[in-house]
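Please work from the sequences and hints to get the whole structure.
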Amino acid sequence: MKLLVPVSREKRTLLGVAFFVVFVALWGLITWSGAVPKHFLASPWQTVQSAWDLFATQGFTHDVGMTIWRVVGGFLLAAVIAVPLGIAMGTYKPIEAFFEPFVSFARYLPASAFIPLLILWVGIGEAQKLTVIFIGCFFQLTLMITMIVSATRRDLIEAAYTLGCQDTAAIRRVVLPGAAPEIAEALRQVLGLGWTYIIVAELIGASSGIGHMITDSQALMATDNIIAGIVIIGLVGLISDLAFKKVNQRLFAWSLQR
Amino acid sequence: MSRLSIRNVGKIFPSGRRGVPPTEALKPVSLEIGDNDFITVLGPSGCGKSTLLRLVAGLETPTSGDILLDGAPISGPGADRGVVFQSYTLFPWLTVRENICFGLREKNMSAAQQREISERFIAQVGLRGFENHYPKQLSGGMQQRVAIARALANDPKILLLDEPFGALDNQTRVLMQELLLGIWEQAQKTVMFITHDIDEAIFMASRVVVMSARPGRIKAELPVDFPHPRSYTVKTSPEFMALKARLTEEIRAEAMAADH
Ligand SMILES: Nc1ncnc2c1ncn2[C@@H]1O[C@H](COP(=O)(O)OP(=O)(O)OP(=O)(O)O)[C@@H](O)[C@H]1O
Ligand SMILES: [Mg+2]
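From first to last, the protein sequence lines stand for chains A and B. Taking the numbering used here, I'd label the letters of the first sequence as residues 1 to 258. Taking the numbering used here, I'd label the letters of the second sequence as residues 1 to 260.
If you are wondering where the hints come from, they were derived from the structure by calculation, not from laboratory data. Note that beta-carbon positions come from the ideal geometry of N, C-alpha and C, so glycine has one too. Wrong hints could be hidden among the right ones.
To be verified - Just the calculated beta-carbon pair ranges, DEER-fashion:
{"id": "1", "chain 1": "A", "residue 1": "R250", "chain 2": "B", "residue 2": "M241", "range": "53 to 61 Å"}
{"id": "2", "chain 1": "A", "residue 1": "A253", "chain 2": "B", "residue 2": "I12", "range": "42 to 50 Å"}
{"id": "3", "chain 1": "B", "residue 1": "G126", "chain 2": "A", "residue 2": "T13", "range": "38 to 46 Å"}
Listed below in structure tokens is the structure:
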């Protein structure tokens, strides 16, 4: 192993899969050996069976669909406001000076702590779930985009000016394309963040969703269902992440070439 | 009438911190650049060469004095003054051709016309076959050639270059000087070229302007009368040597004054 030397694609995939195998093997070993009681931790096989059962007989597809829609919906709402706001804050320093302190403060407010308030304000319906995701994503995203846009190279803007651009053209033709790959990357990371908030939002006052299934299963001590739920969240998150990454690589090939 | 008139232009940078005195980068300087002149500005590091060029480009505003382009005062940057910077400033997300067409697109020129113009300049800077490459795929010398083509494609009234070849190795640098001089000999452009390399300054110039150590002012102006087209062989001629010796003296005195 040499420092910072990249590995080939195949090797990379192989190594990545290998750890999953090791992880599941250890998990299997712990449960099969009887070191941990079954109702504490379900075995991998049992988890797969309950996952199958959840989808086949308990309409779990609907739950997964609801959860995905809430995460994506809340995330998109956040993105639609955070992207233009972040760009405005990054390019125009007075706007940044106006919003930045508040946004920095709001970023540290834990989204899940708003749940009781939100139930009071908007009820236990979809609006509450979307708002939690929105709060969890919005401030973080705004700050990340502000930082990315602030880092736009001054010399490129100056070059654009000397080629005849005015301010708006410079934003459209230099700031945006220059920041786009990193903005896309920030969106990817923050979407991941959305997934960590949704379950908490669904634990309280939800009649559908993966989180709802998990609360129900807790009452029944069905650890296999709970683990199946967790694994499925992980898988959905992983898939959306990979898809996002692929799209970014496709769109911004120029930023990867060396 | 001069193409570019620099009249008593001075620049003082405020320090921005209390108790720290402002920096006087440029003492009021005056300089006339005629149509199709090739002026090189020579001076020790930190003497205000870049500041002077940025003032002409409109990227800085003078503390005192006026700058006139074709008799009209400049206010802010514009497409009538093409700039090639010392750092590589190609847009990384655009290909060579798209970079060259950047200013043309801003003028809403038709695609066919953009293509025709970019084709011409790609050929002129010797980058046929690299039209669709991204800047990262090019060497430093190639990137600066694209930057020159990008500035020229806009057909500016004056071309401003700030040590464009400063980061290149010696051989490449010499080839680039010949390339730029060749373009100038063909196209007839007004050029202001900043450098701290004496050979470079003499080889391309129709006039060398020497600046003093900071705060910069113009210390000497020397016409260079070698006939065109010039080839690199001129560098070994006795006249060239004599000019070089003289400029070396001037610069040396300044560099010592600047305490380097
Ligand atoms: N934006 C700025 N704010 C404050 N001081 C500045 C600024 N730009 C330049 N200066 C100062 O002005 C002086 C002249 O700088 P300038 O970049 O014009 O020198 P130069 O002749 O181009 O030097 P070099 O050959 O190293 O490029 C320097 O002392 C520099 O520190
Ligand atoms: Mg400089």
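Hints, one by one, checked against the model:
Distance hint check: the CB atoms of R250 (chain A) and M241 (chain B) are about 58 Å apart, consistent with the given range 53 to 61 Å. Restraint check, A253 (chain A) to I12 (chain B): a C-beta distance of roughly 46 Å satisfies the suggested window 42 to 50 Å. Checked against the hint of 38 to 46 Å, the pair G126 (chain B) and T13 (chain A) passes, with Cβ atoms roughly 43 Å apart.
Hint check: no violations occur; every hint is consistent with the structure.
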